[in-house]
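Engineer: Here's the letter readout for the chains.
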Amino acid sequence: MAKNKMSRRKFLVRGGLGTIGVLAVGTYLFRNPIRRQIAGALNTADTPYMGDTSTPIIWFEITEENKVILHSPKVEMGQGTFTGLAQMAAEELEIDMSQIKVVHAQSISGNMDSFATGGSTSISALWVPLRELAATMREMLLQKAAEKMGVEKSTLTISNGQVSSGRTEMSYAQIAEGVEAWEVPDTPKLKPVSEMKWVGKPVPRVDLADKVFGAPIFGVDATLPNMLYGSVVRSSKIGAVYKGADISKAENMPGVVKIVQEDDFVGVVAKSFTEAENAKNAIEVIWETTKNWQTEDIRSMLEVGQGTPFVIQKAGDVDDFFGEGSLIEASYWSPIGAHAQIEPNGALAHVEKDMATIYMSTQVVKISRDEIAKRLGMDKDQVNLAPTFLGGGFGRRLHTPNGIQAAVLSKAVGRPVKCFFSRKEEFQNDTFRPPTHHVLKAKLDNEGSIEAFEHNVSSGDVAFGSPMVPGIAEPILGADLGAWRGGMVQYGAIPNYQAISWRVQLPFATSWWRSLGLLANTFAIESFMDELAVKARKNPADFRLTHTQKDDRGERLANVIKKVVEVSGYKDEVVNNRAMGFAASTDANTPCAQVVEVSIENNEIKVHKVTCAMDPGLVVNPDQVKAQCEGAIIMGMSASLYEKMEVEDGALTPTIYGPYQMAMMKHAPKEIDIILLQGADSPGAVGEPPLGPIGAAIANAVFRLTGQRIRRMPLQDHLQV
Amino acid sequence: MKIALKVNGEQHSLEIADENTPLLWIVRDLLNLKGTKFGCGKAACGACTLHVDGEAVRSCSYAVKFADGKKVTTIEGLRNEEAPHPVQQAWLEHVVPQCGYCQPGFMMATAALISKNQEPTDEDIDNNIINICRCATYYRMRKAIHRAAELERDRLSLSTKNIENGEE
Ligand code: FES
Ligand code: FES
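Taken in order, these protein sequences are the chains called A and B.
FYI, the numbering for the first sequence is 1 to 721, going by UniProt numbering.
FYI, the numbering for the second sequence is 1 to 168, going by UniProt numbering.
Hints listed in this document are in silico derivations from the structure and should not be mistaken for laboratory results.
Do not take every clue at face value.
[Unchecked claim] Listed next, the in silico SDA-like pairs over lysine to any residue satisfying Cα-Cα at most 25 Å (straight line):
#1 Lys143/B / Lys243/A
#2 Lys143/B / Arg79/B
#3 Lys644/A / Ile130/B
The structure presented is a predicted model; accordingly, all values stated were derived computationally and were not measured.
So here's chain A without its partners, still in its complex pose:
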């Protein structure tokens, strides 16, 4: 597959305010069948950058101070992408890290990824194209410098964005000044990794100072002159359909500017946030619901066998082995999970006659823009979606009806309107991590090796039903690739295995949650592998190693397993009331193995130490890759040990932090040791893979300590004391 090739490009220069030259660099055309795009995006690290377009788009600006501004098509939600992209660009631009600034590309510049920011793909997808763009721009600048200086291009050298002929020096800004036509060279050869100066270095995050000094960089921080506050009524009941509202009480409340009634929702615009909230709470909406759902209803829908099956992986024939006796079988469950990102969803919209501007935290810039344009009946080019920093993403901002609602309210009053969710609305209207049920079966041979292995995962939808996967793609894809992420058998030396994904359509929205199915699937598979190791009387890590296959993928997995065992001093025994637990997973081509040290104190599962060996390929920023591991480990621990949503009388509950229990400072392990292997020469997935093993590793340690095999998350709830 010819990937990331620049098949067409345009460079042009525009004068801008405070800008000497705007180099607009385009464009990548990359057309793929939808199946490959999406499946590729999710299951491998081999995801192309899927930017549109045929019109010129802005990637770089050079400022008067000789700084380069990179317009990122990927959003920054904490994962450190801006920093990695800056390192990659600075490398080919031959500039210092202090000379590069990264901003979110606005939709009006055309620099949008039509996929999303997600799936741990931002750095890997832009690894080649971004450096090619930067190198091309560097060569264009060198060419102009040669002309302006009257020397041969080959005699020029560059250091920190200063081009020197030995006698004269010019900054990039000086070179770009006044240039009207540029020559676009063939794509230059890229610098080999061995000569790189920034890639591979733990440079500080480019957004560090803003985040430490409290800069107003998030969606909910956006303001415009003359701005009003909006609030939209949302149902607390599952499946509720809006049927109209009585607004008589709300209309005359203090600060209310207008109550806006649409066919599908009602909202209020007021002078302050609190006035908008108060008036909203006084609106009486008529909701139509069909059923009073309870957790038990969901549980019975979810049982393996109820939904629609789809075989996602098959080797050999398991049926030959499952007929006779000595079959080992176990059933695992995971609950509904909330995103619980701290910045609520919201948007600031300013809809004018021919132009709408929307500031918001979104992971799908293009989809958000398109949806808003459609609702407003405007051309896409008339809507500028200006992404802000995200106060957490985790998949929550892949659905953005909040942008539409803000735009509708703004249009109704002819002024900028900012609205955002209350925390209760966040919890009740989340697009949840679906609950899952797993049935695992296996047969061991006389030597204690696995002869046959089967994983059934039954899950609510993840990818299906989301704006990124149009309905027409579902039959092509067959099974929901978000739900089965992490659900395939990764031990290829097992002679007979299969994995089956069962689709269940739940009555409430379920969707992408950091690492998708990986968390639950790995919890089930790696706990079950531990059960098998115990049955076979093998050391759990050695047991895994005897089942990894002899190819690149299998060997990279084996390497992280060996490494984590070596560094953690993993032992399958209880020492001083502490036990170690082991688990491993491969997600999007990134294998990861973890060992945890656990004790039980006052009936509470306590994780003291986590050792994590991961091979994400080439590491662009080791410090930030480690930060991603640390965060993913604790977030995964939080979800595995404490978090769950229930369905009570037709509503999702709880609706506030605390009752929705999450890991806090006191729960976080005091020691985390991350070891990064680099078993590939380009960067792979980082932000999600380390969420895989943690749940099973803890459960496996709890088994060592107590003899209890907890097969349901959240583990703490099911610990028998």
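Chain A is already provided as a structure; the job is to place chain B with the ligands on it using the hints.
Structural biologist: Using the frame of chain A, we list chain B with the ligands on its own:
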């Protein structure tokens, strides 16, 4: 109601229609200091933590009338003109923030802690830093809190020395 607030050293006299309005919205929307965040509005996450007369409070659940006549410090006012606050210095050194949204609240809670306790133990940290970070940056945060306390100790011993040397 007229409310007098000294925010980050600057005196404000505000006419407020509803004296029960949470201080958070006064700071964010009236004074346009956006560093203090809204997370839950129910004192459950700590994103809105700021200082009132040096005490950490969750401003989403603190009516502005209670701040009348008092000194309010937000993340924007934590540093002095010459230097970052020890907490911010420590946060920079340990590269703590990920998405960053919860961080001002954590830094304000930490600043209040180390102003009273310059040698917090891990247990003190567990008991006092009870905000929520969804990016789960707790591991680095704990290190940064110990480092901030160390910087604060250095600063205090330096200023005692200066007083001893008559350089105050
Ligand atoms: S916003 Fe105040 S504690 Fe959450
Ligand atoms: S850094 Fe994202 S919530 Fe704490």
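Engineer: Compare the structure with each hint and give your call.
Structural biologist: Evaluation of the provided hints:
Restraint check: the Cα-Cα separation between Lys143/B and Lys243/A comes to about 53 Å, which exceeds 25 Å; the hinted pair is violated. Among the hinted pairs, Lys143/B with Arg79/B is consistent with the structure: their alpha-carbon atoms are about 20 Å apart, no more than 25 Å. Proximity of Lys644/A to Ile130/B is assessed by CA-CA distance (about 20 Å); at most 25 Å being required, the pair is judged to hold.
Of the numbered hints stated above, the single one contradicted by the structure is hint 1.
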